[in-house]
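Participant: Once you know that position 88 of the sequence shown is 88 in full-length UniProt numbering, the rest is easy, because the numbers rise by one and skip nothing.
Source of the hints: derived by calculation from the structure; they are not laboratory data.
Here a beta-carbon is modelled for each residue, glycine too, at the ideal position from N, C-alpha and C.
Hints are all accurate, no fakes.
The calculated DMTMM-like cross-link candidates involving lysine to aspartate or glutamate, where the alpha carbons are at most 20 Å apart (straight line), are:
no., residue 1, residue 2
1, K261, E244
2, K86, E73
3, K96, E128
4, K5, E45
If you anchor each label on the Cβ, the simulated ranges turn out as follows:
no., residue 1, residue 2, range
5, V14, K96, 28 to 38 Å
6, T265, Y188, 44 to 54 Å
7, N226, D182, 27 to 37 Å
8, I256, D288, 27 to 37 Å
9, D288, D148, 36 to 46 Å
10, T263, I163, 39 to 49 Å
11, K96, N258, 38 to 48 Å
12, K59, E276, 37 to 47 Å
13, N285, N167, 20 to 30 Å
14, K100, N48, 22 to 32 Å
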Amino acid sequence: MDVKKYIKILEINVPIHELTYKIIRKAYLKASLKYHPDKNGGNKEKFNDVVESYEFLCKYISGQERFFKQEPENNFDILLEELITKYYPPKNDWTKIFIKTTIKNILNKCENLPYTIFENLEKNRAFEVFSFLKKINDYDIIKKSVMDDIKKIIKEKMKNDNIILLNPTLEDLLNDKIFKLDISSNEYLIPLWHNELYFDYENDIKSDLIVKIVPDIQKNVFIDHNNNIYYKKKINITDLFANEKIIINLFNKKFIINSEKFTITKKTQIFKYENEGILVINDKNYFDNSKRSTIIFELNLVI
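The task is simple: from the sequences and hints, build the whole structure.
Facilitator: Here's what the structure looks like:
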């Protein structure tokens, strides 16, 4: 079995030369939860293939990257907790008990149980859990039909709330855009660098106005919970040798990296620009513009 087959088993979608331990570990955790024997619909044979793939790929990159390798884990609870705490930390901390009961039962019990759990969750927590499930479900850990039904439950919970979803661009965020929202003669100013804002809203039924802000950004860009921007880009090695500097344009911002700062390697090279990113969220002052996040360029040289 060659390296490409192991990559396929873990459903890793990066070229071989871009493999890192972090990518392998994250993929291993997701695939383990998908096929875990303790999970309803699990598959022991495929779970063993996942473990074998993890072991092989870690050994494969050991000559290229120094890292502390964690051993494979058979305990579903531990796998789930690591995936959440390391790679998908929620805005509000989830206790170990919440992870080992609520989240675990949604993922690995019979198909009817998730509906019961979501019906009993408070609406904001239900939306938070649903958002997490969407993020990890690129591995189809939960069937699409189940996700669709859960979504209906959440909509029912929020039927008396006014939920506004805004999808600003990365350019909007970098330019500190403020969106003016008019609802029933009420005007609200929405700073788009926030994630979620709540306002009191008076109508026939007193309810909340919930504004959820989900940026519409390209796949090579990731924004973390501190508003730091991670920007992945491939740099042609020919361009590196032909020019004294590499220029990366991010809308109205121009970042110049001298070619001599690069190392000729297959590894991802990191360049950080502090206080150049999106405004940092201040929950006590929504419009605070005193501090900006960091832009992190993750660059790979290609031929």
